[in-house]
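Peer 1: Residue 254 in the UniProt record's numbering sits at position 254 of the sequence shown; the count goes up by one each step and never skips.
Treat the hints as calculated values from the structure; they're not laboratory data. Hints are all accurate, no fakes.
Derived DSS-like pairs (lysine-lysine); straight-line CA-CA distance at most 25 Å:
id, residue 1, residue 2
1, K262, K276
2, K290, K280
3, K262, K290
4, K280, K262
FRET-style restraints, in silico, Cβ to Cβ:
id, residue 1, residue 2, range
5, V79, Q213, 36 to 46 Å
6, G87, S212, 41 to 51 Å
7, A118, S212, 47 to 57 Å
Since the model is a prediction, treat every value here as computed from it, not as a measurement. C-beta atoms are modelled at their ideal positions from N, C-alpha and C, and glycine is treated no differently.
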Amino acid sequence: MATLSCSRGSMRAIQHIAAQSGPAMIARGVSGRCLHTAVSQTNTGGDVHPLAFTGQRQTVSSATQQMPNSARLSLQTLVADLTRILGQHSGILNGSASPDTNVRALQRALTSYTSHDADWRRYAIADPSVPYTRNLVSTINQHANLLVLVWNPGCASPIHDHSGAHCLMKILKGSLRETLYAWPCENEPAQRCSGPAARTPTHKCTLASRPSQPLQVRRERTYGRDQVTYMSDRLGLHRITNPSAAEVAVSLHLYTPPNAAKHGSHVFDAETGASKHVAKCGFHSVYGLKGGQAA
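Let the sequences and hints guide you as you build the complete structure.
Peer 2: Shown next, in the form of structure tokens:
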């Protein structure tokens with residue numbers, strides 16, 4: 001388990017959000033890295049709890065940003081909208097992302113919600129001893145997991161895949177940087193995927209390969225409050241980082257289907273491309289109550 005060494009400014013920020021959210025707790029085997037503690041980028045074992053996110057950058061319209069409180073979409077209404085959208089589609093097909101899942105509708109729903117601290121504060125349980133926490137908000141009728149993640153200053157997730165799921169991320173507080181990587185098998189032209197694996201949300205050829213060179217960085221983007229982005233295995237691998245050395249960041253993540261929580265996922269070594277399967281991802285809290293585990 002990674003241990004943080006926080007500056008006074010970082011600790012004050014963490015204590016502030018922890019005080020707003022209730023007592024913090026440690027989930028089993030959370031791993032990642034923190035820029036200000038020079039933690040290795042390589043996963044060293046144990047159960048790791050990666051996230052999911054990004055792809056197409058979106059911003060909230062000025063009309064939505066200026067919406068009065070009486071007309072503002074609440075987090076509870078957002079959950080109801082997501083439930084309605086996923087209820088129209090299977091959300092699950094043979095354990096992988098279903099092609100009939102309406103990703104655009106999910107993106108519109110997340111974009112229409114303007115972050116309001118009072119909505120998500122009860123779920124934002126921080127812990128200064130780990131890079132980030134995963135807090136379950138809703139299972140969307142078993143079609144998805146909606147999570148609030150709290151990122152300590154300068155900390156990052158491992159490089160990871162998304163277990164064949166559609167993943168959307170919305171920034172609730174602060175900013176987060178996404179680094180998008182090519183799959184290891186795409187490092188050499190002769191190894192690049194072709195056929196069905198290259199066209200579906202699930203990438204299947206990498207795990208059988210034996211890479212031995214650094215992962216290729218495709219791009220880096222930083223997302224600010226209320227921006228929404230999409231990620232799937234079809235787009236590659238990624239790492240999420242809180243670039244601030246002093247401020248806690250908070251984000252909302254939707255995973256459909258919730259494969260990582262049930263079956264685990266893979267993390268990757270940036271220098272060699274080697275992958276490692278990690279156990280199903282647990283939760284630091286469930287519905288605002290600490291101590292939850294994945295079902």
